[in-house]
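Residue strings, one per chain:
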Amino acid sequence: MFCIATFIVFGILAAFSASYRPLAAQAWHCAWRRVTLRPCDVSFGEEMRGKIAGKLLRIHPRLAGWFDRWADWLSFAFVALSIWSVVYVANAGLNLWVYDTCDPRSAESCSLSGEACGIEQESLGIITAVRDGRIVEWTVNPFVRFGETLSRIPDRLKRWSPRDFLAPTATFRSPKDDTKPYAVEVIDPGCTFCKKLTANMRDAGAFDAMNVSYLLYSIPTPDGKTKFPHSPFVAATIEAAKRVPLRGSDIPGDWRLLEKIFEDVPGENIDRQTHINIGMTDADIRAEMPKLLRDIGYAPSEIEQIIMLTASDNVAHSLAEQRFIVEEKIRTVKIPTLLIGERRYDRVISADAVRAYLGKP
Amino acid sequence: MLFKKSMTASSRGGSFDYLEPGARYFDSACQTMRPREVIDAETEYYRAYNACGGRVKYRWGEKVDAAVEETRSRLLETTGKHERDYVVAFTLNTTYGINLVLHQLAEGSFKKIVTSDIEHNSVMVPSMAWSARRGSPLSILPRGADGSLEYTSSDLENAVVIANSVSNIDGRRLVNAQRLAKDAHEHGGVLLLDAAQGFAHDRETLAHTDFDAAFCSGHKAYGPSLGFVIIRRTLLRSLDPLFLGGGTVADVDASTYTLLDEPHAILEPGLQNWGGIVGMGAALRWLKTQDPSHETRLAQHLWDGLTTLGRITPLNTTASPIVSFHIDGLDAHKLAVLLGEQNIMCRSGHFCCHRYLHHQLKLPPLLRISLGLHNTKDDVDTLITVLRSILSVF
Chain A
13 MFCIATFIVF
23 GILAAFSASY
33 RPLAAQAWHC
43 AWRRVTLRPC
53 DVSFGEEMRG
63 KIAGKLLRIH
73 PRLAGWFDRW
83 ADWLSFAFVA
93 LSIWSVVYVA
103 NAGLNLWVYD
113 TCDPRSAESC
123 SLSGEACGIE
133 QESLGIITAV
143 RDGRIVEWTV
153 NPFVRFGETL
163 SRIPDRLKRW
173 SPRDFLAPTA
183 TFRSPKDDTK
193 PYAVEVIDPG
203 CTFCKKLTAN
213 MRDAGAFDAM
223 NVSYLLYSIP
233 TPDGKTKFPH
243 SPFVAATIEA
253 AKRVPLRGSD
263 IPGDWRLLEK
273 IFEDVPGENI
283 DRQTHINIGM
293 TDADIRAEMP
303 KLLRDIGYAP
313 SEIEQIIMLT
323 ASDNVAHSLA
333 EQRFIVEEKI
343 RTVKIPTLLI
353 GERRYDRVIS
363 ADAVRAYLGK
373 P
Chain B
4 MLFKKSMTAS
14 SRGGSFDYLE
24 PGARYFDSAC
34 QTMRPREVID
44 AETEYYRAYN
54 ACGGRVKYRW
64 GEKVDAAVEE
74 TRSRLLETTG
84 KHERDYVVAF
94 TLNTTYGINL
104 VLHQLAEGSF
114 KKIVTSDIEH
124 NSVMVPSMAW
134 SARRGSPLSI
144 LPRGADGSLE
154 YTSSDLENAV
164 VIANSVSNID
174 GRRLVNAQRL
184 AKDAHEHGGV
194 LLLDAAQGFA
204 HDRETLAHTD
214 FDAAFCSGHK
224 AYGPSLGFVI
234 IRRTLLRSLD
244 PLFLGGGTVA
254 DVDASTYTLL
264 DEPHAILEPG
274 LQNWGGIVGM
284 GAALRWLKTQ
294 DPSHETRLAQ
304 HLWDGLTTLG
314 RITPLNTTAS
324 PIVSFHIDGL
334 DAHKLAVLLG
344 EQNIMCRSGH
354 FCCHRYLHHQ
364 LKLPPLLRIS
374 LGLHNTKDDV
384 DTLITVLRSI
394 LSVF
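Those sequence lines, one after another, are chains A and B.
Using this note's numbering, the first residue of the first sequence is number 13, and each one after it goes up by one.
Using this note's numbering, the first residue of the second sequence is number 4, and each one after it goes up by one.
For the record, the hints were derived by calculation from the structure and aren't laboratory data.
Hints are supplied without guarantee of correctness; some may be wrong.
Only part of the chain B face toward chain A is listed, based on derived beta-carbon distances under 8 Å [stated by the list, open to error]:
1. 95
2. 334
3. 337
Calculated pairs, DMTMM-like style, for lysine to aspartate or glutamate (alpha carbon to alpha carbon, straight line, at most 25 Å) [said to hold, decoys possible]:
4. B/365 / A/59
5. A/63 / B/30
6. A/67 / B/30
7. A/67 / B/381
8. A/67 / B/331
9. A/237 / A/354
10. A/63 / B/344
11. A/67 / B/344
12. A/208 / A/280
13. A/67 / B/40
14. B/291 / B/40
15. A/63 / B/23
16. A/63 / B/331
17. A/67 / B/384
18. B/365 / A/58
19. A/63 / B/384
With beta-carbon atoms standing in for the labels, derived distance ranges [unchecked claim]:
20. B/65 / A/29: 49 to 59 Å
21. B/364 / A/82: 27 to 37 Å
22. B/311 / A/78: 38 to 48 Å
23. B/131 / A/29: 39 to 49 Å
Think of the CB as a built atom: it goes at the ideal place given N, C-alpha and C, for glycine as much as any other residue.
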């Protein structure tokens, strides 16, 4: 086992320095015999052990003796950890390619993933598993997740047609024109990255050049709530606004309301989205939404109608349908998700990237 | 921590003052340290009279020729031989010299080859090869605990007898060398001595033995890396030369050649290591100034120290400048590495004596401590201290 451990160490060092390559070659020769269940025919492993023990001998003889006695176990642990690390990194790499995040259960914890709000899933820790008697589940979970990742590979390779993922109640930022391409955003009104993507779409001119629509999705949390506490009500209000036309406006009322939430900076350098997310109670948001509807031009009776609709089965059903599209068809693990030009992005893309799709460099 | 005191050695003076303080070199059986005088002499050759020997008429060349002849003479003098009977030829090393002579022995001149069980591969393998090539039997005779070759008269009948005069395993000496030479000659044989260790540790035996050829290495005797053969003129003249070329012929006509009338020339084909030969001369001068009892005292001190350590199984039965042992439960290679990390340099393995140590005695790899004239009592004390500490934790 020590040979294998030394091969791992010298293999890595040799990648960066030629001076370690002869040692790496020796270690490989030794390790190869080991992994093919033959005895190591050179004393390389012993020599390396001796070298480490010899250095420890100068510092503390007993430590050298301890190292020598436990070197095989230490090597075993080192090799096991190395293999685990390689598997972990490979799995993370696969996740990054498939999901655009190293860890689909906690997308925001991966620094390599793009800007997005993660959709957190339950993570069963060893302590919880032992406490709740779910050891088997804890053991098989990594394999289940790996299988799930493999099953998502076709999603990564397929061509996405935004039109196939429109909400039944879809509205478009500009009047729909079938000669224009389609784009669909998956957004949570509370997600700051959804706001950013929408702004980039606007800045790139996508609202005029494409039929841009969206799917409302309040990011759920493992405890049955939502990531942004007021998102369900805000989403319901936006969905309800789709049903009440905004008179005298070319832009649908739901889009105006969404833009109001995303773009307003009502004061004290705090934008409206943040204010809703962290500065409001349930009562506050219920008082705030009618004000916003009024600000964008709805009449009091229309506002009352919209507020009534927020609690309707119709809106709830519509939101459920959109949730179904997001969770079962698009199957994203983080949003915003943007379907554009046969491609799919599960993160914010820049205005320039959007322009590239529009042929406007 | 433990070794700090013992590792901070004072630098040694004299001919080895250049050695790194704290370095303890115990592998003189492989090659000795070179005295400063030897290094200086060789360096001087390269800087002051870097010429070919034996073929040029300019001043530098004449100086080289003189130095080479002086080295030949000193080698004969050091081994108590006279140039009337013996010739000195320079070679690459002991192994090369043995092969050079063995394979040039005239076809049919000897009917068998006899050697001993404790031989270095430099003797064992050429003997095996000679036997196979000539279709002549090979006898491998035992050596007694005192180092004597155990033989009967019939063993020596028309035989090439080849054996070391001092073993590189445990320093055993061929104590019956004189008798062996006499018996070999009486039975129509020759005695060839591997004196690779003997030249450094036991020149007395060489001086008192009527050998036919002795093969030595300069690098095991404080000289540069070269070999030399001290060979009886009659044997040299009987050789069937195989390796010829530059430096071996007086003339070459349309289809034949005339060999030089310098006997050593047939063992010295091609250009020689002139700088090395000059350095070897300096090594011989230096050796003459050394106290021969220093090594003996140090060997006894080493033996006394080693025998106080538990778990050590030595091959030696008495003190010797060459001591080999193994330790129950501690691989010798690992021990050598552990010592190496403390800047103590010893050899581990089977020391090119696989047949005897590995296959005959079935021993694990051994650790060998071989002393040289550069070693001090402090070196030995440090070695013993470190060995004791290692044995306490491994």
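Against the structure, the hints come out as follows:
no.	hint	in the structure
1	95	27 Å, violated
2	334	6 Å, holds
3	337	4 Å, holds
4	B/365 / A/59	22 Å, holds
5	A/63 / B/30	19 Å, holds
6	A/67 / B/30	21 Å, holds
7	A/67 / B/381	22 Å, holds
8	A/67 / B/331	22 Å, holds
9	A/237 / A/354	33 Å, violated
10	A/63 / B/344	6 Å, holds
11	A/67 / B/344	6 Å, holds
12	A/208 / A/280	20 Å, holds
13	A/67 / B/40	35 Å, violated
14	B/291 / B/40	13 Å, holds
15	A/63 / B/23	21 Å, holds
16	A/63 / B/331	20 Å, holds
17	A/67 / B/384	21 Å, holds
18	B/365 / A/58	20 Å, holds
19	A/63 / B/384	22 Å, holds
20	B/65 / A/29: 49 to 59 Å	52 Å, holds
21	B/364 / A/82: 27 to 37 Å	33 Å, holds
22	B/311 / A/78: 38 to 48 Å	26 Å, violated
23	B/131 / A/29: 39 to 49 Å	44 Å, holds
When each numbered hint is compared with the structure, violations occur for hints 1, 9, 13 and 22.
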